[in-house]
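*Asks:* Line by line, the protein sequences are chains E and P.
Counting from 1, position 20 in the first sequence corresponds to residue 19 in numbering that gives the first Met the number 0; the numbering is continuous, with no gaps.
Counting from 1, position 8 in the second sequence corresponds to residue 7 in numbering that gives the first Met the number 0; the numbering is continuous, with no gaps.
Think of the hints as simulated: they come from the structure by calculation, not from any bench.
In this text, a Cβ means the ideal position worked out from N, Cα and C, and glycines have one as well.
Each hint should be verified, as a subset may be incorrect.
Below are the PhoX-like pairs computed for lysine-lysine, each with C-alpha atoms no more than 20 Å apart in a straight line [unchecked claim]: (1) E:62 to E:47; (2) E:62 to P:46; (3) P:56 to E:62; (4) E:47 to E:21; (5) E:76 to P:46; (6) P:56 to P:46; (7) E:8 to E:62; (8) E:113 to E:62; (9) E:62 to P:58; (10) E:76 to E:62; (11) E:47 to E:8.
Derived Cβ-Cβ restraints for the label pairs, each shown as a range [stated by the list, open to error]: (12) E:45 to P:29: 39 to 45 Å; (13) P:3 to E:97: 36 to 42 Å; (14) P:26 to E:55: 35 to 41 Å; (15) P:40 to E:12: 30 to 36 Å; (16) E:47 to P:3: 35 to 41 Å; (17) P:16 to E:110: 25 to 31 Å; (18) E:103 to P:12: 26 to 32 Å; (19) E:118 to P:43: 21 to 27 Å; (20) E:78 to P:1: 21 to 27 Å; (21) P:12 to E:25: 39 to 45 Å; (22) E:34 to P:1: 21 to 27 Å; (23) P:40 to E:108: 42 to 48 Å.
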Amino acid sequence: MSDAQAQIKETVTGNDVVLFMKGTSTMPQCGFSSRVAGVLNYMGVPFKDVNVLEDEGVRHGIKEFSDWPTIPQLYVKGEFVGGCDIITEMTLSGELDTLFEENGITYDADAAAKIRDANA
Amino acid sequence: MPMQANEIETLIREAFPDAQIAVSGDDGVHMAAQVVAEAFRGLNRVKQHQMVYAALKGKMDGSSGDLHALALTTRAPD
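Excised from the complex, chain P in its bound form (with noise of 0.2 Å):
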């Protein structure tokens, strides 16, 4: 089942409240998200994409998932 923007911007909102997030794509296969969160502060970005796809909460997991790619792009505000 693909995934609509706001669907993907409902889950990634649920994990960071208060996060600036923008999804774009309209397939709902290949999509992007852009997430600017004071959560990440600190963190490298292996850590920080980490805990976006946990939110995502396996929708990403392959074959299985509903979006074959998310292109990601995390950091913490100015």
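This is chain E alone, in the form it adopts within the complex (with noise of 0.2 Å):
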């Protein structure tokens, strides 16, 4: 295993709930990040943001690691999640809150309502 693939599966592992984004968690540089970051901020969700612009090696190498193309990618508990079209999707049917709860991750319910209520 190559060091960014370790590196990446440390991070995974020793912490419940992470998201490689290109920018951070307030300072987001990609639509698409911003947004699945945006819905974690919201719902409350505490989470390990990774930025792959800082780390090239990173970068190149969670997509070997997921085997999937794009990044945000989306991890709980070690599991690859997806990526913004399928966050969006699962905020919108209430399977991100399923998730959250099977993993035992706090996340604030209300907000998750009134996502879904605002998209409705």
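Using the supplied hints, reconstruct the complex from the two chains, each of which is provided in its own coordinate frame.
*Replies:* Okay, structure coming up:
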């Protein structure tokens, strides 16, 4: 396993919720990263943000790690959940709430419901 | 090189001959595709999207790829 792969593995197993993104949680630098970080922030989910723009090895390595060509990428308890489209769909369907509940991740259920109301 | 909607559809069609495929977007860089295929039945969304990305044969691969963004919606037929 290369350094980048080992580093990614350690990050996703050492943190309950990890978002690999362009930019940071507070300063996203891509609309797709911004959307997923925005959902997590709004739902009050604590997560580790990894800015792939700061590490070329991770930027390329994460695509190999998950066999997924795009960023952002969300991981919960070490499992790859999806990118922007999937997280958006799961937010609106309530599957994301279920995933957090099943994994004992705290989140604001009222905020999640508000997102759904606003997009109904 | 940006990709036209019909090129994207052709690549997806090769992998999913019987699918319903709708590709939209006109700048060739930020595109959207909806794929409804029997092959997706029983698979989670990550697996479904991975199959579509595989069909696109590296066109999604970041700075060296042609497509910056392809908004994907996938499901099995009702």
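*Asks:* Hint by hint, which ones does the structure fall short of?
*Replies:* 8, 12, 14, 17, 18, 20 and 23
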